[in-house]
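*Asks:* Starting from the known structure of chain E, fit chain B onto it as the hints suggest.
Chains E and B, in that order, give the protein sequences.
Heads up: the first sequence begins at 205 in the working numbering, then just goes up one per residue.
Heads up: the second sequence begins at 205 in the working numbering, then just goes up one per residue.
Honestly, I wouldn't trust all of these hints.
To be verified - As a list, the in silico DSSO-like pairs of lysine-lysine whose alpha-carbon atoms are at most 27 Å apart:
hint, chain 1, residue 1, chain 2, residue 2
1, B, LYS342, B, LYS298
2, B, LYS298, E, LYS510
3, B, LYS510, E, LYS298
4, E, LYS380, B, LYS298
Just so you know, the hints here were simulated from the structure itself, not pulled from any lab data.
2 protein chains.
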Amino acid sequence: MLEFDKTPSYQSVRDAAEVLDGVVVRTPLLESPALNEKLGGRLLLKCETLQYTGSFKFRGAYNTISRLSDEQKEKGVFAYSSGNHAQGVALSAKLLGIEATILMPEDTPAIKLANTRGYGAHVVTYNRYEENREEIGKQIADEHGYTLIKPYDNYFVISGQGTTGIEIHEQLVDRKLEADFCVCPAGGGGLIAGISLALRELSPETQTFSAEPEYFDDTRRSLELGQRVENEPGHRSICDAIVTPTPGEITFGVNKTTLGGGFSVSEDEVREAMRCAFHYFKCVVEPGGAVALAAILSDEIDIAGKTAVAVASGGNVDPALYAEILAQPS
Amino acid sequence: MLEFDKTPSYQSVRDAAEVLDGVVVRTPLLESPALNEKLGGRLLLKCETLQYTGSFKFRGAYNTISRLSDEQKEKGVFAYSSGNHAQGVALSAKLLGIEATILMPEDTPAIKLANTRGYGAHVVTYNRYEENREEIGKQIADEHGYTLIKPYDNYFVISGQGTTGIEIHEQLVDRKLEADFCVCPAGGGGLIAGISLALRELSPETQTFSAEPEYFDDTRRSLELGQRVENEPGHRSICDAIVTPTPGEITFGVNKTTLGGGFSVSEDEVREAMRCAFHYFKCVVEPGGAVALAAILSDEIDIAGKTAVAVASGGNVDPALYAEILAQPS
Chain E
205 MLEFDKTPSY QSVRDAAEVL DGVVVRTPLL ESPALNEKLG GRLLLKCETL QYTGSFKFRG
265 AYNTISRLSD EQKEKGVFAY SSGNHAQGVA LSAKLLGIEA TILMPEDTPA IKLANTRGYG
325 AHVVTYNRYE ENREEIGKQI ADEHGYTLIK PYDNYFVISG QGTTGIEIHE QLVDRKLEAD
385 FCVCPAGGGG LIAGISLALR ELSPETQTFS AEPEYFDDTR RSLELGQRVE NEPGHRSICD
445 AIVTPTPGEI TFGVNKTTLG GGFSVSEDEV REAMRCAFHY FKCVVEPGGA VALAAILSDE
505 IDIAGKTAVA VASGGNVDPA LYAEILAQPS
Chain B
205 MLEFDKTPSY QSVRDAAEVL DGVVVRTPLL ESPALNEKLG GRLLLKCETL QYTGSFKFRG
265 AYNTISRLSD EQKEKGVFAY SSGNHAQGVA LSAKLLGIEA TILMPEDTPA IKLANTRGYG
325 AHVVTYNRYE ENREEIGKQI ADEHGYTLIK PYDNYFVISG QGTTGIEIHE QLVDRKLEAD
385 FCVCPAGGGG LIAGISLALR ELSPETQTFS AEPEYFDDTR RSLELGQRVE NEPGHRSICD
445 AIVTPTPGEI TFGVNKTTLG GGFSVSEDEV REAMRCAFHY FKCVVEPGGA VALAAILSDE
505 IDIAGKTAVA VASGGNVDPA LYAEILAQPS
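For reference, chain E alone in the conformation it holds in the complex (with noise of 0.2 Å):
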């Protein structure tokens, strides 16, 4: 049986990009030169929105699921999810020939729960504000003897989601740059955990940071106290992906060691980001994969005469949502 609550490390995101290789897209880090001009530094732009499923979760959950035995492949995997972890559990189960059940948030946008459907996975919901995922999301796992496929604190899912951080630093060294800080969205806090150990080994001089919606900062929040503190509940956000109601045991374990601190930024800096990436990147990305282009957009970081790295995690956005935030005026 594998073991899925170990404490990843630099060698198991290595061992995850041999799984990954010709199985993920390398995904483009992009630059504007016109918005580099504009900040007076250099700024890369990781686009996890164009990885297959649209965003980076696809790599945690095919490295996992691609390890399972053949017993548990036989019997399923079920993952609880409020929607990218859920597609990218979809599309890897689907990939292996494995059934997949997916317990989602009932209010998820219609397009996360419609690409999960036709991946062929199996969607349950729930009440998100009123019911407990883990709860239910156990008694069904445990009723069908499915494996569970934990979102993020699970050993091979973060060390999966971390080849993102050596593909940065080997499109960086391609260009003779090195990074003086990295800013990765945080919901769970996998992503960044996994990017932050590949970088703190391959490119130590790089500050990694993270980014979250305001009232959604328990990863900065419990970085500052040195213990995992919870969000204030009642509140709401469009970055539906990363309103987590406190960061991971496993990740944090990992977060609180690598990491510089965190940032928060508010809806409106959000919005903003998600023009930015549109005029001058092209890209589509959702609420909650541009929180970190927020930090580096806002006044928080200066970084003139720096090279940065904003990770936008996902491009996963309702198209009304979406036409709504461009009609908005800069």
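*Replies:* Okay, now just chain B, sitting in the frame of chain E:
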């Protein structure tokens, strides 16, 4: 003095690739498992939307301007363009430390006007429905001794655009694929001429087809008749980037020997293709850049069991128009 009027060849495209190596973005060739399943074939999208300046035009402009004599560089360059070539020339000139003056239609999308000025070019406007850009352009260029960089009828421009084709081939080989079809937008025909020269040499089994908006399908009709014909005047199109009156002289000389034919698509099909690129690829594609994808999604080509490449040639679309198109039902 450089000769701009020669007929480009596979070798001249190869030479351009050396000049452009490390200068242009090696744009990704994206694929969507979900869309492939829907189409029953493999569709690869060559995203020149992610090129610097948001379109392929930077390739040909840089390949040409970088080769000018010191005297020509000293006097500056001039171009007339509906926008994408303007930005390509403006950025190339800026990177090479040369002055650029650009003549643009006064109804050019605001985003293209602003971006061209943003690269430091001088912009002069004219009425595209009543004035002749070639005449005004010649006058301005002669008066100041500027070197005119034509948007497509130029040996180095066509050769530079053709480097897109070399990349397509290399990226297909990486995936152990060979394309049955390559469909590419055609305005003046420079991009498709360059790409088809590359693919004819590197992948002789691949058939290359042009795609154009209805009422502006001069390349399709010229290919059928074996000679250059003009579009009927008086029509308008949202595909502002590719509404040229007739195929270029040099470009058609190439295209009549390299292409398998052409497709014409309706405005509704273009809009649907833009929504498709949003949904499946998270890519912002402008109307003129979406005609190849539109052709492949239409009933005119069946890619079931086949491998097809669609070139998405540009992403410079005004946010208001893009929002309007996204908000329409599919």
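*Asks:* Go through the numbered hints given earlier and state which of them the structure violates, listing their numbers in rising order.
*Replies:* No numbers; nothing is violated.
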